[in-house]
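Asker: Okay, here's what each chain looks like letter by letter:
2 protein chains.
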Amino acid sequence: MYKFYDFPLSGNCYKVRLLLTQLGIPFETINVDILQQETSLPDFLQKNPNGKVPVLEIEPGTFLTESNSILLYLAEGTALLPTAKLDRIQVMQWLFFEQFSLGANLSRPRFWISVTQQAEKFASLIQYHQRLGNVALQVMEQHLAERSFFVNEQYTIADIALYAYTHRATEGGYDMSPFPKIADWCRLVRSQPQYVSLAAI
Amino acid sequence: MYKFYDFPLSGNCYKVRLLLTQLGIPFETINVDILQQETSLPDFLQKNPNGKVPVLEIEPGTFLTESNSILLYLAEGTALLPTAKLDRIQVMQWLFFEQFSLGANLSRPRFWISVTQQAEKFASLIQYHQRLGNVALQVMEQHLAERSFFVNEQYTIADIALYAYTHRATEGGYDMSPFPKIADWCRLVRSQPQYVSLAAI
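Taken in sequence, the protein lines are chains A and B. Count along the first sequence from 1, then add 62; that gives the number in my numbering. Count along the second sequence from 1, then add 62; that gives the number in my numbering.
Errors might be hidden in some of the hints.
Below are the EDC-like pairs computed for lysine to aspartate or glutamate, each with C-alpha atoms no more than 20 Å apart in a straight line [unchecked claim]:
no., chain 1, residue 1, chain 2, residue 2
1, A, Lys-109, B, Glu-138
2, B, Lys-147, A, Glu-138
3, A, Lys-147, B, Glu-215
4, B, Lys-109, A, Glu-203
5, A, Lys-109, B, Glu-203
6, B, Lys-147, A, Glu-121
7, B, Lys-109, A, Asp-149
8, B, Lys-147, A, Glu-119
9, B, Lys-109, B, Asp-95
10, B, Lys-109, A, Glu-208
11, A, Lys-109, B, Glu-208
12, A, Lys-147, B, Asp-95
13, A, Lys-147, B, Glu-138
Output of the computed footprint for chain A on chain B, the stretches with three or more beta carbons under 8 Å from beta carbons of chain A [stated by the list, open to error]:
no., segment
14, 158-168
15, 176-190
Please keep in mind that the hints were generated in silico from the structure rather than gathered at the bench. Cβ coordinates follow ideal geometry from the N, Cα and C atoms, glycine included.
Only chain A is shown next, with the shape it has when bound in the complex (with noise of 0.2 Å):
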């Protein structure tokens, strides 16, 4: 059975959570507190060097890094990666986007703010992710304006990558009344068969 080391906060390990429960994967979850500095710890970093969580292995020893590319790992040969070239080559560029443009600049004021509570020590820095991350929610409102979904009217694990962070973006401090679409769109996300929530801080 896989073995999945998660933060349950961690919008980045709720992407792999919801997508292994949405297609009834089976795996034993293995709690890493990063509050606690875990993932600092050499037995974590022999799980992955770059001292972050999600980590999926797979079997024994073998062990998938970056939330992303385990996506991408388990959704191949089911309904949630297309197969046509230029449906997933779109689902690249909105998983690259997710981790570039919008991830970071959600993540870290929310984590800032909301769960260690440090927003005015880290101020300026909320501040400048901030104005990156409402560029990247104002490209997602403009896509979504005549689309239902990211790609090719289907739900994806491009809609799974954009949401963990985005669903909770006030946590980050952000204002989400310019983005209506987004809002319905979340709605969607979260009527798909399986759904679970990602934990409350």
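Assemble chain B onto chain A, guided by the hints.
Answerer: Just chain B now, with coordinates in the frame of chain A:
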């Protein structure tokens, strides 16, 4: 013929230019000057609503965005993208690592220090990105301690993606002396057939 929307100083554009050249794919280059905000013009935003280069127009009106996604598209079916599932997922892992843990941490200090020469104005953000970038470089150095290339002892698009900003990290104020294995690997990349250089600032 492919149309390549390019800013010659960009490492992300360089990845695509290097791969196109090494694969012997002919392309027409259209320069887009990000210093003149040309990526924010309505005509460009129709090509990439996220306002970033590179963009590759593979047929009239079909635009690929996100540098690492373009690498995946171009390398499919070539020796630069392994076919074995576990090798391929390792390439994916490094592509996402590059976008999340390395890219912006190297490119933004380089942009502020060497391209726009605003090091003082952005001093605290430069320090923030350098701290994160040094962690990523250390992960790469450790990985290369027992390997010549990043995946499966062969030159792949993982090497191209990681090389683009790493080999010019000093332009972002990085001290590369703690990373001798990275220096060896950079020399090996430069020795590959049909290698072309990133433009000088």
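Asker: Would you mind marking each hint as holding or not holding in the structure?
Answerer: Results of checking the hints against the structure:
For the hint pairing A:Lys-109 with B:Glu-138, the CA-to-CA distance comes to about 29 Å; that exceeds 20 Å, so the pair is violated. For the proposed pair B:Lys-147 and A:Glu-138, the alpha carbon gap of about 10 Å is at most 20 Å, so the pair holds. Among the hinted pairs, A:Lys-147 with B:Glu-215 is inconsistent with the structure: their alpha-carbon atoms are about 27 Å apart, more than 20 Å. For the hint pairing B:Lys-109 with A:Glu-203, the CA-to-CA distance comes to about 17 Å; that is within 20 Å, so the pair holds.
At most 20 Å may separate the alpha-carbon atoms for a hinted pair to count; A:Lys-109 and B:Glu-203 meet this at roughly 17 Å. The hinted pair formed by B:Lys-147 and A:Glu-121 meets the criterion: a straight-line CA distance of about 14 Å does not exceed 20 Å. Among the hinted pairs, B:Lys-109 with A:Asp-149 is consistent with the structure: their alpha-carbon atoms are about 17 Å apart, no more than 20 Å. Only pairs whose Cα atoms come within 20 Å are accepted, and B:Lys-147 paired with A:Glu-119 is accepted, the gap being roughly 15 Å.
With a CA separation close to 15 Å, the supplied pair B:Lys-109 and B:Asp-95 stays within the 20 Å bound. Pair hint B:Lys-109 plus A:Glu-208 holds up; C-alpha atoms about 17 Å apart against a cutoff of 20 Å. Under the criterion of a C-alpha separation no larger than 20 Å, the hint pairing A:Lys-109 with B:Glu-208 is consistent with the structure, at around 17 Å. For the suggested pair A:Lys-147 and B:Asp-95, the alpha carbons sit about 30 Å apart, so the restraint of at most 20 Å is broken.
Note on A:Lys-147 and B:Glu-138: the hinted pairing holds, with a Cα-Cα distance of about 10 Å set against a maximum of 20 Å. Residues of the segment 158-168 of chain B lying with their CB closer than 8 Å to a CB of chain A number 7, which satisfies the three-residue condition for coverage. Coverage of the segment 176-190 of chain B by chain A holds [criterion: at least 3 residues with CB-CB distance below 8 Å; count 3].
Against the hints set out earlier in the document, violations occur for numbers 1, 3 and 12.
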